[in-house]
Amino acid sequence: MDELVNLDFEGTPVRVITADDGTPRWALSDVCAACGIGNSRDVAARLDDRQKGVVTIDTLGGPQKITVVNEDGLYDVILDSRKPAARRFRKWVTSDVLPSIRKHGAYMTPDTIRAALADPDTIIMLATRLKEEAAQRQEAQEQVRRLTPKARAYEDFCEAPDLLTVRDAASTLTTAGLPIRESELRAWMLDHQWIYRKERGYRPYAAHKDAGHLRLVPPKRSGRHRDGTRFAFEPTCKITRRGLTLLYQRIGAERMHDQLDYNPDTLDIPEGD
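For the record, in the sequence shown the residue sitting at position 177 is 184 according to the numbering used here, with numbers rising by one throughout.
Check before you lean on any hint, since a few could be wrong.
Calculated cross-link-like contacts (lysine-lysine; reagent style DSS-like; alpha-carbon spacing at most 30 Å) [stated by the list, open to error]:
1) Lys98 / Lys245
2) Lys205 / Lys227
3) Lys205 / Lys216
4) Lys245 / Lys205
5) Lys216 / Lys227
6) Lys245 / Lys216
7) Lys227 / Lys245
8) Lys205 / Lys90
9) Lys90 / Lys72
Simulated from the structure, these hints should not be mistaken for laboratory data.
These numbers come from a predicted model, not from an experiment.
Build out the structure end to end from the sequences listed, making use of the hints.
In structure tokens form, the structure reads like this:
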């Protein structure tokens, strides 16, 4: 059964729903409030279905449906805000809340620990969890190993500029553990209908422009013809931090699929004598 925990971040209530397997999901409206983001509905509309969901919780007014985000969606929401509170919230989540949930199956503060130890049933439950923890430690370590590159990538993306050229985006992705050349990234974006060629430059497809993944930036200066007349340079198609995050996810997923999707029958294995 899912467990609802009410946390507090600098005076802002944050609801976390923890599943039986210990996986936390966060109330989207609370995360937006903590990060200084005004309209949580706009954020929900931009998130991928794999990053969000709807759960029903009990309130004083009766059952209420709320939108929640998983850990992947949580980082995506945090990237929407450049306010200092968002960075403090991210640090609180990654260094305090998530480690506690992964270790105890819940967020444990000194007050909640004292309250828990006053209940015999809770003591038995905690003892059982400690017994199970030894068997689960290897699995938890594997999960940390798997999530660490991703968390480091999000850290890099938080420090990235709001808009990047394809060259800068390729460099940032490479630093985040996804090696890719500028020409490779541009070719991928062309093949997957992120951008298309127009005259001497590239333009974003409407879907990715409207989703906030790409932005067309007008030139800051103009050129001059041989006869002295001026002409405008082509606008530059740049990648937003949101677009950078999605590129990291999509290209990384493709590469993982390519590594796993092979046919052993096609391998050239020499027959024995």
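Straight-line alpha-carbon gap Lys205 to Lys90, limit 30 Å: violated, 36 Å
Pairwise hint evaluation, Lys72 against Lys90, where the allowed Cα distance is 30 Å at most: Given pair Lys90, Lys72 holds - Cα atoms ~28 Å apart, limit 30 Å.
30 Å Cα cutoff - pair Lys98, Lys245: Roughly 28 Å between the alpha carbons, so the hint for Lys98 and Lys245 holds.
Restraint status (C-alpha distance of Lys205 to Lys227 at most 30 Å): holds, 19 Å
Lys216 paired with Lys227 [C-alpha distance capped at 30 Å]: The hint holds at about 20 Å.
Satisfaction of hint between Lys205 and Lys245, Cα-Cα up to 30 Å: Given pair Lys245, Lys205 holds - Cα atoms ~15 Å apart, limit 30 Å.
Holds or violated: Lys227 to Lys245, with C-alpha atoms at most 30 Å apart: Distance ~14 Å between Lys227 and Lys245 Cα, so the pair holds.
Pair hint Lys205 and Lys216, alpha-carbon separation not exceeding 30 Å: holds, 16 Å
Pairwise hint evaluation, Lys216 against Lys245, where the allowed Cα distance is 30 Å at most: holds, 10 Å
In this structure, only the earlier hint numbered 8 is contradicted, and the remaining ones agree with it.
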